[in-house]
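Protein chains in written order, with numbering that gives the first Met the number 0: chain U, 0 to 136; chain P, 0 to 136.
One thing to keep in mind: the hints can contain errors.
If chains are identical, the list can't say which one is meant, so a pair holds when it fits in one copy or spans any two.
Claimed, not checked - 30 Å max Cα-Cα, derived DSBU-like pairs, lysine-lysine:
1) K87 - K63
2) K87 - K102
3) K86 - K124
4) K87 - K104
5) K101 - K60
6) K101 - K77
7) K63 - K86
8) K7 - K63
9) K91 - K7
10) K101 - K86
11) K63 - K125
12) K77 - K102
By construction, these hints were calculated from the structure, which means they are not laboratory data. Just so we're clear, the structure is a prediction, and the values are computed from it rather than from any experiment.
Number of protein chains: 2
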Amino acid sequence: MALISEFKGGMEFLAKTESGHELVLDAGVSSGGQDKGVRPKELLLVGLSGCTGMDVVSILKKMKVENYTLRIEVENEKTEEHPVIYKKIHLKYIFHLEDESKKDKVEKAVNLSQERYCGVSDMLKKSSELTYEIIYE
Amino acid sequence: MALISEFKGGMEFLAKTESGHELVLDAGVSSGGQDKGVRPKELLLVGLSGCTGMDVVSILKKMKVENYTLRIEVENEKTEEHPVIYKKIHLKYIFHLEDESKKDKVEKAVNLSQERYCGVSDMLKKSSELTYEIIYE
């Protein structure tokens, strides 16, 4: 099994993942594309948010923490020279918790993901300065 | 501007990228999800295929190479321990060229992407053994 990404003309690629899902990739108009799909590089940040996000919600489930909302915002700073990479990545875990006494469990879940479980974080840390914070709304 | 990834329940996240595109992320059924969308980690490989693929097609355009098909296959080998990362990543650039005398240009375009332009390759090389080959069909 392998990921297959097929060139469709212009700058467009159609990817089919190992899990069987399809994604359209395209460059923006200023880079010769038609903006038909997502930029390749930003998928690293999408993957990062989902990887750590799924860790956190599954750890919180085991800890019986319920009734919360979570969104993850990912900020970045790129290098200016080629190859353009993410020099810095900053993750914001933004929670609304019904029971504020659960904050210590939230913190533990986020730290466990970042320090131990999230493979995407572990990979991106090798090339980017990766920081994170927890915010309660 | 930042990427925003919102928890939707279960293991599902809905991400909205800086370029304005939406993606559904979900775990597979065996990992407690419902397979409503792509796995986070495989997005690294999708991003890699698109990053280097767009490099290659834009370099070939500048070299006046036309009339070809390209698909990129990405194979991987993961670690078994946490955090699970891609230990090895192998890219296959599979071309069908009408004019076989252009093979040297294809090779140059692929090498330029891998050695100089592709930021995703540059990042993933720091954590994974990244190899590639060109195949003509």
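Tell me, please, which holds for K101 and K77 at an alpha-carbon limit of 30 Å: within, between, both or neither?
neither (35 Å within a copy, 34 Å between copies)
I want to check one pair: K101 and K60. Are their C-alpha atoms no more than 30 Å apart within a copy, between two copies, both, or neither?
For K101 and K60, the Cα distance is within 30 Å only inside one copy (12 Å; across copies 56 Å).
From the Cα coordinates, with 30 Å as the cut-off, is the pair K87 and K102 best called within, between, both, or neither?
Within one copy, since 27 Å is at most 30 Å while 38 Å is not.
Regarding K87 and K104, is the shortest C-alpha distance of 30 Å or less found within a copy, between copies, in both, or in neither?
Within one copy, since 27 Å is at most 30 Å while 35 Å is not.
For K63 and K86, with the copy left unspecified, which applies at a CA distance of at most 30 Å: within, between, both, or neither?
neither (37 Å within a copy, 34 Å between copies)
As a check of your reading, is K87 near K63 (CA-CA no more than 30 Å) within one copy, between copies, both or neither?
neither (33 Å within a copy, 36 Å between copies)
Within a copy, between copies, both or neither: which one fits K86 and K124 at a CA-CA cutoff of 30 Å?
Both: 10 Å inside a copy, 15 Å across copies.
Can you give me the call for K77 and K102, within, between, both or neither, at a CA distance of at most 30 Å?
neither (32 Å within a copy, 33 Å between copies)
How do K91 and K7 come out at 30 Å by Cα distance, when the copy is not named: within, between, both, or neither?
between (36 Å within a copy, 17 Å between copies)
Within, between, both or neither, where K7 and K63 count as close if Cα-Cα is 30 Å or less
Answer is between; shortest inter-copy Cα gap is 18 Å, intra-copy 47 Å.
For K101 and K86, with the copy left unspecified, which applies at a CA distance of at most 30 Å: within, between, both, or neither?
Result: close neither inside a copy nor across copies, 33 Å intra and 36 Å inter.
At most 30 Å between alpha carbons: which applies to K63 and K125, within, between, both or neither?
neither (33 Å within a copy, 37 Å between copies)
Going through the hint list in order, the structure does not satisfy hints 1, 6, 7, 10, 11 and 12.
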